[in-house]
Amino acid sequence: LLRRVAAAGAVLTMVGIMATRVPATGADPSQPIRHEDPATAPIEAQPGSVFEYFLMAFSRLNARRYQEARQLIRRLDRATLPPDVRSALSDLNDLMVKEGSLLEVVDRWVRDIAALTQAGRTADARRLLGELNGQLRRADLLFNDVSGGIQDLRGRVEGALAADPSQRLAFDQLLRAAARVKVFLVAYRATSKNPASVAAIGRLLPYETQIDLDAPQTAYPGRLFVISGTVRERAPSPSRGRQLTVYLDGQNVAEVPAKDFHIQFTMPDDIAAGEHQLLAEVPVQGRYLSARELRTIGVSRVVPDVTAHTEKWLVVPGRLSVSGSVTSALGPIQNGTVRVSIGGKQYQATTSESGTFQVSKYLPAALSLVGPAALSVLVLPNEPWFAPVRQVRNIIVVNLASVGLLAAILIVGAVLLRRRTGRRALVEVLPQEPAVAPATLAQLPRAAIPVRVIGPLAEELLAIYKQMLRRIEAAVGTRSETNTTLREFARLVPLRLEGDPLWRMTELAELALYSPHPVTADLVEQARSLGTQLEGALARA
Amino acid sequence: VLNRRFLAGVIAYTAVAVALILWYYPSSTDFAISNPYWNGLSELTRGFSVRPLTLTDGFPAESRGTVLLVIPSRPPQPSHLTFIKRYVETGGVLVLLDDFGYGNDVLASLGSEIRFSGQLLADPLFNLRNSRLPRILDIAPSPITQGVEGFILNHATVLTGIGESRGAALSSPVSYLDVNRNGRRDEGEPVGRFPVAGLEPIGEGYLIVISDPSILVNSVIHLAHNRRLLLNVFSLAGRNSRVFLDDTLLPYAPLDVTKSLLADARRLIGGSAGAFALVVAALVLPAVLLPGTRREPIR
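As they're listed, the protein sequences go chains V and H.
The first sequence begins at 647 in our numbering and counts up one residue at a time.
The second sequence begins at 60 in our numbering and counts up one residue at a time.
The following block holds chain V by itself, in its conformation from the complex (with noise of 0.2 Å):
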């Protein structure tokens, strides 16, 4: 038997394990790869799109967006490429930024020369252009430097240049905006002589755009967002027909004539909490250069504070009441809603002018509500800038129903238990002698047989035994129950005697049921005197 189990048991376990090697399914095989592992990914570096994103930073120099593209080197400092185009691009980079810098120096200070000049203020213009000069002199020097760094890189990602076409374009495209920026500085150089000849060249130049813009830090939903704001045009004339467009988060929320401006709009009322971005743009138009300014703006919601109170103990069926009120800084949260939640049930209120609530509902019963359990305040409030709060308190149930269920299974149980386990069993006692060979009965478990009875000084002592129970059964009234032992019987009878001759006559029954020796003609002497004695007991009783 155990090595049926044992062997059950292997199988059973085997099945488990075979389980957990049965691959995934339930993804469509036909779906690509969705991930690879990171930390054995192979390491694939393609340098060769290094010139493709210069030339990206290039194009923002030469649209003078020189923040964007300092933006844009700087980042290439998180760029994956093999280390030794890395401390080269390191280089580069510096070299990039300063170039970017000094450019947008020598376009100011173009300006400022010919807004001087054509002001009447020689002097001034001639001292800017002698700073300019040495301005121009660096910028040309750097830009030496750039040149030979991209040649540089260029020819430590020759391999991949060749093997891809569009990096070798994009690389072909950079030398060209680079070309471009080297004639911006020669031009300058030859024309930065006289104040006249720099702002003949400044008034060619096209004219900067700028966006002043106010606007608060924090919004809340649902309420009025203002800003205002200026833009200013470097100009001899102001454009025409020019609009600024405010977006927030992408979407477009007002346009107006780019000139001074006073924007209110409300905050969408679904707008989540937290971080967006606000958007003033004004389009390029001619020569007058385009311009934006970003800002971010923090959206919050008002927390209202929630005082809630209930009993620490509910007893269930019966009611529940929960009151309280809910205020915030800007006063009372007036018309809001109240969900009272516990044990899947959920009851609703609404709040008062004076921002208080009342829930009193009745709970029916449920066996599932029983113990501690978590009662949820959730408000609710009407107008979108204030936050929904939730409150959980822990309390008590007692469910009547649970507890009677229980109590009822208990006592069920009780009696389950002690009928099946706290009574000695009666046996049955069999005339016969047992048609099967006693060994193999006695491999049997001894409770599934009734006990033999062998030999005829046994047959008669229980035959002694018997006609005295039904004496007394017929003289006393007591009766032996199928579920009676011996001596519960002699307990039960209200007969004693001395020497309590019905005891010592229960004994000896006791030994000719289940003694294993064999019973001797002197104890059945010993029962029928003792019978005797019964009879005379009972018949003067």
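Because the hints were derived from the structure by calculation, they are not lab data.
No incorrect hints appear here.
Across the chosen pairs, the derived CB separations fall in these ranges:
| no. | chain 1 | residue 1 | chain 2 | residue 2 | range |
| --- | --- | --- | --- | --- | --- |
| 1 | V | Thr-942 | H | Asn-241 | 38 to 44 Å |
| 2 | V | Ala-1053 | H | Ala-324 | 24 to 30 Å |
| 3 | H | Gly-68 | V | Gly-1101 | 38 to 44 Å |
| 4 | H | Gly-220 | V | Gly-805 | 38 to 44 Å |
| 5 | V | Asp-786 | H | Arg-298 | 54 to 60 Å |
| 6 | V | Gly-990 | H | Tyr-72 | 34 to 40 Å |
| 7 | H | Leu-337 | V | Gly-990 | 18 to 24 Å |
| 8 | V | Gly-990 | H | Gly-68 | 34 to 40 Å |
| 9 | H | Trp-82 | V | Ser-998 | 50 to 56 Å |
Even for Gly, the Cβ is constructed at its ideal location relative to N, Cα and C.
Given chain V, put chain H in place with the hints provided.
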């Protein structure tokens, strides 16, 4: 009779032993919560106390203050989509993460215009080790990107129908869509900044779309500011938000199904009704199963 009882006891014992083995044996299935390996979600589950939802009727009754992560690797049933829609419209935060699965079914059911492109995003310059592990550095101010300077994706796709200006995070200007998946940029393959994350209000709740579910797996979650991004996403539902993972749409192996069943059984037993049944069983079963002595009458 005793033999049968003994046998039943031993089989029950073995079944419990097998159940314990299956419970504790780690899964190696993609995105499995009990998978402690590189492609599992054990770290997410532990770190953010994520609870799996194995049944659609297990959706939280009150969706406010909760976050539901959905990785639609299998086609969702219409009834399931209805549950998801109701969840988000009543105030829940739905985080839909997909690359090449069935995320567009969910988006269409929600009425959103955002879609997953289904093309592989590759970035030859800004990446972790190769172009298939792009590094996202172009972060727009948004509630989900506060304090995030960059994050890393793993075999991701991109979002369409959202526009560059509305994306909360964009790939680099040199990134491209590797349409034929040959690992290099070919003529005609789109290049530029692509949105990879977005936020949209739906009803009373919010939908957050991220074009790569692999951001959640054990080997990726700790890279760059990935964890910070997730923290922001989960905070959208409130300070003490409860996070659920929709287990029914994940890839599964028989081991995962068994684990799921065992988890359901555990939840059932852990409930008050289950505890009540256990008490009853503990009281009644010994009375029935204990070997009692036979009572025989005297004849």
